[in-house]
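Trainee: This is what each chain is made of:
Protein chains: 2
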Amino acid sequence: MTKPTKPTILVVNDDGVTAPGIKSLMHVMKELGRVVVVAPDSPQSGMGHAITIGKPLRLDKVDLYEGIEIYSCSGTPVDCVKLAVTKVFKGQKPDLCVSGINHGLNNSINVLYSGTMSAAVEGAIESIPSIGFSLDDYALQANFSHCEKFIKEIAMQVLQNGLPVGTLLNVNFPNTNDIKGIKICRQANAKWAEEFDQRLDPYKRPYYWLTGVFHNNDHGEDTDVWALEHNYASVVPVQFDMTAHHAIPVLNTWNFNV
Amino acid sequence: MTKPTKPTILVVNDDGVTAPGIKSLMHVMKELGRVVVVAPDSPQSGMGHAITIGKPLRLDKVDLYEGIEIYSCSGTPVDCVKLAVTKVFKGQKPDLCVSGINHGLNNSINVLYSGTMSAAVEGAIESIPSIGFSLDDYALQANFSHCEKFIKEIAMQVLQNGLPVGTLLNVNFPNTNDIKGIKICRQANAKWAEEFDQRLDPYKRPYYWLTGVFHNNDHGEDTDVWALEHNYASVVPVQFDMTAHHAIPVLNTWNFNV
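Chains as they are written, first to last, in the numbering used here: chain U, 47 to 304; chain E, 47 to 304.
Everything labelled a hint here was simulated from the structure, so no lab data went into it.
There may be inaccurate statements among the hints.
Lysine-lysine pairs mimicking DSS-like chemistry, simulated, CA-CA at most 25 Å apart [to be verified]:
(1) U/Lys101 - E/Lys101
(2) U/Lys250 - E/Lys250
(3) E/Lys139 - E/Lys52
(4) U/Lys198 - U/Lys69
(5) U/Lys101 - E/Lys250
(6) E/Lys198 - E/Lys139
(7) U/Lys133 - E/Lys250
(8) U/Lys107 - E/Lys250
(9) E/Lys136 - U/Lys250
(10) U/Lys250 - E/Lys52
(11) U/Lys250 - E/Lys139
(12) U/Lys133 - U/Lys69
(13) E/Lys136 - E/Lys76
(14) U/Lys107 - U/Lys76
(15) U/Lys136 - E/Lys250
All values reported here derive from a predicted model rather than from experimental measurement.
Use the sequences and the hints to build the structure in full.
Mentor: Structure, rendered in structure tokens:
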């Protein structure tokens with residue numbers, strides 16, 4: 047069953063409106079429907095679910111790629127989705143929200159830090175079927191072409207089947223032309239071990255650059271880390287209900303003396 | 047059973063190191079152990095799980111309140127936790143991480159947008175028992191005194207019992223001197239309906255202020271929204287595994303033609 051009318055697709059990202067990754071995503075989505083892009087005017091990696099509340103936002107229509115309606119926004123990736131829904135679509139929600147393609151992985155715990163994924167989460171909060179896409183290549187000139195047929199297929203399935211209520215998809219691609227297939231996964235229980243590169247400014251005052259190493263102690267074959275290491279595209283269904291439901295009975299055994 | 051040595055407690059927030067809410071939290075924690083504060087040098091409300099990766103950070107020891115070790119950080123609430131663990135505690139993790147007291151509620155979906163809660167989430171990712179505290183009063187000069195006995199009791203319970211692996215607590219207080227007690231809750235399925243206040247700058251170019259109205263269609267008596275409306279302090283156990291585990295079998299029925 048196909049939809050009677052062409053779907054409307056909102057494209058967002060966190061690397062900024064001029065990033066090659068979003069251009070690749072636009073071109074795939076153009077084959078599926080009417081594309082509207084609302085993306086940050088500058089890189090917003092690591093912005094997580096930040097929103098702008100202490101200062102105003104700009105939203106400007108730009109003419110970057112022929113035939114695609116594109117807006118550049120001064121805010122965060124989540125701001126972009128909020129402005130798109132309210133000011134661009136004026137409440138007429140799009141049929142799909144896709145975010146990316148991110149220059150770099152957003153597997154495992156990175157779903158929390160990632161502006162790309164947070165934009166997709168915000169789409170899902172707005173009840174729009176939403177997907178975030180990321181590639182294991184951090185270079186600005188990364189080659190996204192081998193991901194495109196997978197992206198098209200996953201987006202078509204979501205348009206056709208919808209997604210379970212309150213969920214979205216986190217899709218990550220390995221950096222290989224030989225992707226073996228798609229694996230439905232859970233988020234690996236991995237984390238960053240932070241290091242801060244301490245330096246002195248010209249006035250001898252210290253400053254710190256965040257660096258870190260990704261540590262994975264979760265070797266489950268049902269994880270996104272495992273799938274990517276074995277050259278599969280990983281698809282993790284994500285929810286924005288952060289309640290640890292299993293912990294509620296535990297806490298109910300506590301006696302609070304107040 | 048009490049711990050043989052005085053616990054070490056990391057205090058963070060998102061309203062900034064000079065906010066009255068964090069001062070209140072410091073004073074309660076001082077009764078329980080050795081307090082170390084690492085907080086943003088400016089308000090960081092709505093920063094969610096943002097981290098600073100494109101620019102360096104400052105971390106300065108400040109002498110704000112007598113007898114408490116306090117650091118002011120130029121980054122986000124999550125940056126504060128990362129710098130605290132790495133540079134202040136140098137890997138010797140504190141026994142507890144508390145965040146807040148936030149000037150304003152962080153119930154329901156606000157757990158995602160809140161810098162206060164994201165700092166507590168980061169504490170939990172670092173395997174530190176962590177709690178975020180928020181009060182339903184957005185004023186800078188909010189009165190936090192009626193929350194203090196509840197905060198002390200909840201923190202003592204966490205120090206004594208620990209928390210289930212991979213979880214933390216999101217505690218919200220109603221703005222009343224007559225708090226009826228503590229309710230263990232789930233996150234209500236509510237959301238913000240955004241509005242953007244559109245204005246023209248002196249050069250006649252439009253700009254937008256984010257505003258919005260909180261809409262709750264989830265009237266479950268087991269939700270944090272219900273508890274707060276009925277003058278209970280709400281305690282939601284939160285997890286940072288965002289996998290929608292229930293959706294995995296659904297997605298496994300899809301046939302991807304790639």
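Trainee: Confirm or reject each hint.
Mentor: Results for each hint:
1. U/Lys101 - E/Lys101: Given that 25 Å is the threshold and the Cα spacing comes to 20 Å, the pair holds.
2. U/Lys250 - E/Lys250: Status violated; Cα separation ~45 Å.
3. E/Lys139 - E/Lys52: At roughly 14 Å apart (the allowed maximum being 25 Å), E/Lys52 and E/Lys139 satisfy the hint.
4. U/Lys198 - U/Lys69: 14 Å, holds
5. U/Lys101 - E/Lys250: The given pair, whose Cα atoms are some 18 Å apart, holds under the 25 Å limit.
6. E/Lys198 - E/Lys139: 21 Å, holds
7. U/Lys133 - E/Lys250: Within the cut-off at roughly 18 Å; holds.
8. U/Lys107 - E/Lys250: 16 Å, holds
9. E/Lys136 - U/Lys250: 22 Å, holds
10. U/Lys250 - E/Lys52: Given that 25 Å is the threshold and the Cα spacing comes to 36 Å, the pair is violated.
11. U/Lys250 - E/Lys139: 29 Å, violated
12. U/Lys133 - U/Lys69: 22 Å, holds
13. E/Lys136 - E/Lys76: 21 Å, holds
14. U/Lys107 - U/Lys76: Holds, at about 18 Å.
15. U/Lys136 - E/Lys250: 22 Å, holds
Hint compliance for this structure: hints 2, 10 and 11 are broken, all remaining hints hold.
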